[in-house]
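Chains as they are written, first to last, in UniProt numbering: chain D, 1 to 292; chain U, 1 to 288; chain X, 1 to 435.
Check before you lean on any hint, since a few could be wrong.
To be verified - Keeping only pairs whose Cα atoms sit at most 20 Å apart, straight-line, the calculated DMTMM-like set for lysine to aspartate or glutamate is:
id	chain 1	residue 1	chain 2	residue 2
1	X	Lys103	X	Asp230
2	D	Lys183	U	Asp112
3	X	Lys103	X	Glu231
4	U	Lys144	U	Glu214
5	X	Lys103	X	Asp148
6	D	Lys183	U	Glu191
Just so you know, the hints here were simulated from the structure itself, not pulled from any lab data.
So you can see what is in the structure, the chains are spelled out below.
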Amino acid sequence: MTGPTAPALPAARTRLRVRGTVPAGGLPLGVRLGAGFLALVVLAAVLAPLIAPYPPDAIDLDASLAGTGHAHWLGTDASGQDLLSRVLHGARTSLVAPLLLLALAALLGVTLGTLAAWRGGWVDTLVSRLTDVMYAFPGLLFVVLIIAVFGAGMTTSVLALALAYAPTIAKYTRSVALAERTKPYVDAYRVQGMGGARICAFHLVPNLSRAVVGYLVVLFGEALMSLATLSYLGFGAQPPSSDWGLMVQEGQAAVVQGAPLPALVPGTAIAAVVVAFNIVGVWAADRLGSRR
Amino acid sequence: MTAHGPVAGPEAAGGAPPVLTVDALSKTYPLPGGGRLTAADAIGFTVPRGGSLGIVGESGSGKTTVARMLVGLVRPDAGTVTVDGRARPARPARGRAARLARAREIQMVFQDPYVSLDPRLTGRQCLLTALRLHGASGAAAEEKAERLLGQVGLGSREGAARPHALSGGQRQRLAIARALAVEPRVLVLDEAVAALDVSIQAQILQLLGEVRRETGVALVFVSHDLAVVRHITEATLVMRRGTVVEQGPTRSVLAAPVTPYTRALLAAVPRPGWDPAAALRAAAPDTP
Amino acid sequence: MTDTHGHRPAAGAQPAAGARMPSARAEQPGAEPAPAGSAAAEPEAAARGASGGAEPLLDIVGLGLELPGAARPLLADVSLRVRPGEVVGLVGESGSGKSTTAKAALALFPDGARPTGEVRVAGTDVLALRGEALRAHRARTVAMVHQDPRAALNPVRRVGDFLTERLALAGFAGNRAAVRGRAVELLAEVGLPDPARRLRQRPHELSGGMLQRVVIAGALAVGPRLLLADEATSALDVTTQAEILDLLRTVRREHGTGLLFITHDLQLAAAYCDRVLVMYAGRLVEHRPAEALFTDPRHPYTRGLLECSPTLDEAAAGVRPIPGRPPSLADAFPGCPFTARCPGAEPECERWQPRPVPLPGDGMAACRRLAEYEPDGAESGGADAGTDARGAAAGAEGVERAGADPSPGPVAVSAPARRDAAPGPVSGTTEGGAG
Numbered sequence: 001m002t003g004p005t006a007p008a009l010p011a012a013r014t015r016l017r018v019r020g021t022v023p024a025g026g027l028p029l030g031v032r033l034g035a036g037f038l039a040l041v042v043l044a045a046v047l048a049p050l051i052a053p054y055p056p057d058a059i060d061l062d063a064s065l066a067g068t069g070h071a072h073w074l075g076t077d078a079s080g081q082d083l084l085s086r087v088l089h090g091a092r093t094s095l096v097a098p099l100l101l102l103a104l105a106a107l108l109g110v111t112l113g114t115l116a117a118w119r120g121g122w123v124d125t126l127v128s129r130l131t132d133v134m135y136a137f138p139g140l141l142f143v144v145l146i147i148a149v150f151g152a153g154m155t156t157s158v159l160a161l162a163l164a165y166a167p168t169i170a171k172y173t174r175s176v177a178l179a180e181r182t183k184p185y186v187d188a189y190r191v192q193g194m195g196g197a198r199i200c201a202f203h204l205v206p207n208l209s210r211a212v213v214g215y216l217v218v219l220f221g222e223a224l225m226s227l228a229t230l231s232y233l234g235f236g237a238q239p240p241s242s243d244w245g246l247m248v249q250e251g252q253a254a255v256v257q258g259a260p261l262p263a264l265v266p267g268t269a270i271a272a273v274v275v276a277f278n279i280v281g282v283w284a285a286d287r288l289g290s291r292r
Numbered sequence: 001m002t003a004h005g006p007v008a009g010p011e012a013a014g015g016a017p018p019v020l021t022v023d024a025l026s027k028t029y030p031l032p033g034g035g036r037l038t039a040a041d042a043i044g045f046t047v048p049r050g051g052s053l054g055i056v057g058e059s060g061s062g063k064t065t066v067a068r069m070l071v072g073l074v075r076p077d078a079g080t081v082t083v084d085g086r087a088r089p090a091r092p093a094r095g096r097a098a099r100l101a102r103a104r105e106i107q108m109v110f111q112d113p114y115v116s117l118d119p120r121l122t123g124r125q126c127l128l129t130a131l132r133l134h135g136a137s138g139a140a141a142e143e144k145a146e147r148l149l150g151q152v153g154l155g156s157r158e159g160a161a162r163p164h165a166l167s168g169g170q171r172q173r174l175a176i177a178r179a180l181a182v183e184p185r186v187l188v189l190d191e192a193v194a195a196l197d198v199s200i201q202a203q204i205l206q207l208l209g210e211v212r213r214e215t216g217v218a219l220v221f222v223s224h225d226l227a228v229v230r231h232i233t234e235a236t237l238v239m240r241r242g243t244v245v246e247q248g249p250t251r252s253v254l255a256a257p258v259t260p261y262t263r264a265l266l267a268a269v270p271r272p273g274w275d276p277a278a279a280l281r282a283a284a285p286d287t288p
Numbered sequence: 001m002t003d004t005h006g007h008r009p010a011a012g013a014q015p016a017a018g019a020r021m022p023s024a025r026a027e028q029p030g031a032e033p034a035p036a037g038s039a040a041a042e043p044e045a046a047a048r049g050a051s052g053g054a055e056p057l058l059d060i061v062g063l064g065l066e067l068p069g070a071a072r073p074l075l076a077d078v079s080l081r082v083r084p085g086e087v088v089g090l091v092g093e094s095g096s097g098k099s100t101t102a103k104a105a106l107a108l109f110p111d112g113a114r115p116t117g118e119v120r121v122a123g124t125d126v127l128a129l130r131g132e133a134l135r136a137h138r139a140r141t142v143a144m145v146h147q148d149p150r151a152a153l154n155p156v157r158r159v160g161d162f163l164t165e166r167l168a169l170a171g172f173a174g175n176r177a178a179v180r181g182r183a184v185e186l187l188a189e190v191g192l193p194d195p196a197r198r199l200r201q202r203p204h205e206l207s208g209g210m211l212q213r214v215v216i217a218g219a220l221a222v223g224p225r226l227l228l229a230d231e232a233t234s235a236l237d238v239t240t241q242a243e244i245l246d247l248l249r250t251v252r253r254e255h256g257t258g259l260l261f262i263t264h265d266l267q268l269a270a271a272y273c274d275r276v277l278v279m280y281a282g283r284l285v286e287h288r289p290a291e292a293l294f295t296d297p298r299h300p301y302t303r304g305l306l307e308c309s310p311t312l313d314e315a316a317a318g319v320r321p322i323p324g325r326p327p328s329l330a331d332a333f334p335g336c337p338f339t340a341r342c343p344g345a346e347p348e349c350e351r352w353q354p355r356p357v358p359l360p361g362d363g364m365a366a367c368r369r370l371a372e373y374e375p376d377g378a379e380s381g382g383a384d385a386g387t388d389a390r391g392a393a394a395g396a397e398g399v400e401r402a403g404a405d406p407s408p409g410p411v412a413v414s415a416p417a418r419r420d421a422a423p424g425p426v427s428g429t430t431e432g433g434a435g
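I would like the entire structure built from these sequences, with the hints used as guidance.
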């Protein structure tokens, strides 16, 4: 850069840093709140049978659509089921299912993406075309088609969404793997006489993991939303599950009757977890990326 | 202690067969607008056992292409590379045994030690990976890794550190140790000291001199820096646009260059009393 | 590929600082006065008064830079001066603070760093500039040329756009044809053949050497008084490097710009510059006329740098490495930072606060044992006009302290030591100290 093309930049940066003061622990406030909230949610999901005031499927028609009160902190739905208990129990499927989905999608996507980047040539062309086709096809429609063939249910939803997510991950992995494989340390392994499969599995992919995990973390919120959407549409979790998406769908009718809680409580849970995960995830991804 | 001087092994002299023979090595690349770029055109040289050859040239001269063809990272269009009388196949080796045998012939040290080491592995793990790949195991491998670390002047603290915690010189020492782990007969160094601070560069040159004396490995030293080449090689090859313009004992190439190009290169090296304008006049093609 | 065509300086037009040197080397090392054009010989006190004709373009006095979290200051007590038409070399290994020092001329400091001391460019106190005045200063008075010209040029814009932008920044008024004409002139001035066609080209169509010429043309567009070249030739091939160096020398001659030439290559700096300053761990360790550095380096670090740089000189001994590694920001030093790597270090060095000790003739070195190498250094330094009074005082104190050490210094050369007499006993001592 000739001369001062970036005037006043350092000053601005200093000011920014002063304003966004980092507390003693080194974590920004938002990340602390987000991480604390997520920890609470995970704890609640694990301890749901112990801390939930009622069983999630305990029907009490007398208390139908009760508002907040001592008996039911977050009110009840049309069947008189305690919303707090249902949300706590629902946290289990709502958190575990997206994780399973991402694990499956990552296995598929990372394998395909690395293969394409390493082999190049026709393998790369094939994988790229495949992912392009998947990209052009609306993801939800693809999932609904699969469910139409194999029947609704949580397992099918997770499998179908994993297939839908894999191309995105493959495309991303391919791009980072292409950059990584040109690094001389990969050449050094080849000069040492190491085989391609071994270099990829033991050295290339582990070095991509920071970037890929960072990406997956951001995808988690999306996966949770997608599963909730499927449940809401009736393709995913089936009654009497307490999946949050399903709960929103079930609570919808009550909104018309002037009782917003049955839809609002699970909906808020979804939104809060997604937002918290994104805040923590983006921060963690940045940290992972810069720790080299 | 100096890194300079003829430190070739006793076999280097006389009629002993060379450890590395390169014959008519050629490589062209297609150009975007059609036509082909000649990166290397019929390059040929030999390196005696324990000897040291410098390949000198400016950017675009094809010296790095030659280095990468030697180790098999680039497949030559034509020509052969022979180590200890055995020709290396041009195609990449398929089987594991063939790959490992190839690796034990020629090893390489790369230019930038900041990217030529696996960022995840500590110094010791880096060496163990290479040693285990080549059949060492258990305590023997550990012991050999320790010995290699010592040989290149790294302590156990450096051995336990990942590359990002090491300085440039320490990383390059580790890269040399990694290449030596395989016990190659020829070590190719591609601008291996170019990215280092001067004081560190001198340490690495000294280390390479020691390594040669101790192991008898032959060096192919690729560099743009004539002064560095003078200190570490006995023979020099000057490349320009893919061809060899001058070749001979380093001393005579640098003291009495025959071709105008070599003279121009030498004139452009700063020294006491140096004047860039005069250097350019010397480089002008019309000047004899 | 190099671009050897074009740009032929008129043969013999250059008096060439180097041309004198063979004779200087043969008989009287460094006996020549400071190079013509530099006002090194005149009393610096007058120069600082800002009234003299040779007012320094860049005058850094006692610059220090503290960074929170670093174990040592980034810069400590850095003083340097560049006069019109002068080429001053700033040499050091990575982390020595040479680039940080140069950027101080633009008042560009790392985040959170607190500068102390004084930075004046053409008489203006740069550290006091704010807002529009600072922007104007950065845009017009000083121009910087970096190592990688590709990073300085927007890859998707044409060379002409880059120059037009620079001209607008400099407040160049005129219609499009006038701007274009000026841009062509600039490219012709930096020796690019067929300048009109270059205006339409994009960076990827030009070689590294040509791009560096474009960047220099962009720097000249604003008519700067001071040019900072930060490793401007380090990424280039040797022949291209010679072309760019020659161009910079021409620019200096024709525009009277001062040039601060930053490099890690001591050989290059000593061959090319008028004066050279050597930095280590954020401090200046030696400041000398360039030719004196080759023949008579004083600071052990400078000597070490020369001995470890490979040369083409047949007579030269092999490279002799400096042990250890260049210090990082995590290394703190209670005393002289070079102690750990110094062949002549003594226990006292670890507590000795480095300060410039003036040398006879011109220059200084910050070494505690300098007085032993030349016991009357302070005296003749004080008598010599070319030395900063403050430095002399500090130096005298340093010498006094050092003199108190019961070390067997060699017999002094007679008091009014001339430079030509110095090298013999000095180098003798040096070897003794190193052994």
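Comparing the hints with the structure gives:
Simply put, X/Lys103 and X/Asp230 have alpha-carbon atoms about 9 Å apart, close enough for the 20 Å limit, and the pair holds. Distance check on the hinted pair: D/Lys183 and U/Asp112 sit about 10 Å apart at the alpha-carbon level, within 20 Å; holds. For the hint linking X/Lys103 to X/Glu231, the alpha-carbon distance of about 13 Å falls within 20 Å, and the restraint holds. A threshold of 20 Å between alpha carbons decides the hint, and for U/Lys144 with U/Glu214 the separation of about 15 Å falls inside it, so the pair holds.
The suggested pairing of X/Lys103 with X/Asp148 holds, with an alpha-carbon distance near 16 Å, which does not exceed 20 Å. The straight-line distance between the Cα atoms of D/Lys183 and U/Glu191 is roughly 16 Å, inside the 20 Å bound, and the hint therefore holds.
Violated hints are absent here; each numbered hint is respected by the structure.
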